[in-house]
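Asker: Turn these sequences into a full structure, and let the hints guide you.
Number of protein chains: 2
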Amino acid sequence: MMKFYDKLHSRSNKVKSLLCVGLDPEIEKIPLVIQKEQNPLFEFCKHIVDATHTDVAAYKPNIAFFERYGSSGIKEFELLLEYLKKNYPGVPIIADVKRGDLANTAKEYAKYYFGSLCVDSITVSPYMGCDSLEPFLEYENSFLFALCLTSNKGAEDFQKLVVKEGNIRVYDEVASAVYRLNKDYPDRVGIVVGATYPGELKLLRKKFPDMVFLIPGFGAQGGELLDTISISGLNSVVNSSRSIIYHSNQDDFAEKALQKVKEINQEMQVLFR
Amino acid sequence: MMKFYDKLHSRSNKVKSLLCVGLDPEIEKIPLVIQKEQNPLFEFCKHIVDATHTDVAAYKPNIAFFERYGSSGIKEFELLLEYLKKNYPGVPIIADVKRGDLANTAKEYAKYYFGSLCVDSITVSPYMGCDSLEPFLEYENSFLFALCLTSNKGAEDFQKLVVKEGNIRVYDEVASAVYRLNKDYPDRVGIVVGATYPGELKLLRKKFPDMVFLIPGFGAQGGELLDTISISGLNSVVNSSRSIIYHSNQDDFAEKALQKVKEINQEMQVLFR
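Note that the protein sequences, when read in sequence, are chains A and B. Sequence positions in the first sequence follow the numbering used here and run 1 to 273. Sequence positions in the second sequence follow the numbering used here and run 1 to 273.
By construction, these hints were calculated from the structure, which means they are not laboratory data.
The list treats identical chains as interchangeable, and a pair is accepted whether it falls inside one copy or across any two copies.
In silico DSS-like cross-links for lysine-lysine, where the CA-CA straight-line distance does not exceed 25 angstroms: (1) K107 / K46; (2) K14 / K46; (3) K262 / K16; (4) K160 / K207; (5) K111 / K153.
Answerer: Next up, the structure:
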């Protein structure tokens, strides 16, 4: 199995894009004809990936949209991962799960995501500290994106608190801890930084040029694509979900998703010239 | 449906105990005869709850131990919750899931836990801020325990950082935010504070006498029970998992679990005299 870091860079170079498509299937938003299928969440995502796989750098299914339906939803999540790995093995998968628990418990999550599902990477919540992240890193070739500065308003509540020592903020401490983890596990941990905070993104990128940034928050959430990529550069993966997968709610949704992907990629060409 | 806050207090008064039993089934640790059953995780927990339900204040199944097996594990998690609600409706359930995501995504988790499973409460990770918690509170009678100061060593990494303004720590800010949430949603949010940090527990209790504390970390993790309960008082639920459910790994595991529960309850009698 190829390392996520290499797989992502090779892929984004090949398709000349940093675009990650977020797979967040909501039953109310998907066309009626798909709603009626046996595994509607899976079928919806399958159509999206079949249409767009030639042009994207990565896929990011968010498990919440599957977990909403409990065990049957998780079954569809598993179908989707199997399908992606079998049909598009060159496209890295970021399972957006934001898990985080005591080491003793985190190892159970690690067994599922990296032992059974064998995804390329997952997102994790860092609140419980570095010992809660390490069980995931014990899987060779696993990759983690730790929440650092998220794209929502609530990022102000705790992430942006100014820490007394060093006059930096909580999210800076998370980024520094991730930097240190990469010393023990080279190119194995990145951070999530919202496109909605371009000033902070710029400072983080200056401080950590070699760290992979997963950047959500452009499109539906209001971040500017060109600003984002010119600040963050090639060592990034830029996510959009709703603006792509729900670009049309008619039967042409997959085709329209590809059209949106191509438009976004077009804007990104400045980086690949 | 009774509010969690009232249900918990009525229950702990009735059984004269603050003890929550953590249901963390690990296949390698459960007796062979149960391992061979069709739904071994469910069956193991079922035996534990059948033996102990008369003497406990709450149950806390941790979803990680089920999620490890993906959709089939989640099916067993659902069987367990159905069984608990049907057979022991007076015993509150804390689903230990530590979820946390953007509001738009958190509402999907909320639909599952409070809309479909109808658990009494869940644990949540506060890193993404208050707007990530609110979708859960839109369900009437839902209750949240936000991670505040966790019982592990990693709590030092971010939770204990000193915040410049006010000279308090990140976890104090979380507790204060939870306090403010309770103004809008009375008696609907509590915090998780590890028994491994008795000094900090004491200060938090002094500051927030009316907030429900979920206290893990005594027993296997090293916290002292008597210290913990004398500091935190009746507005608490004290969790132990491994020291109870794996007290014996033989066929008498359920009986031995009850014995351990009774021992712990005995120690707690000082509070109920």
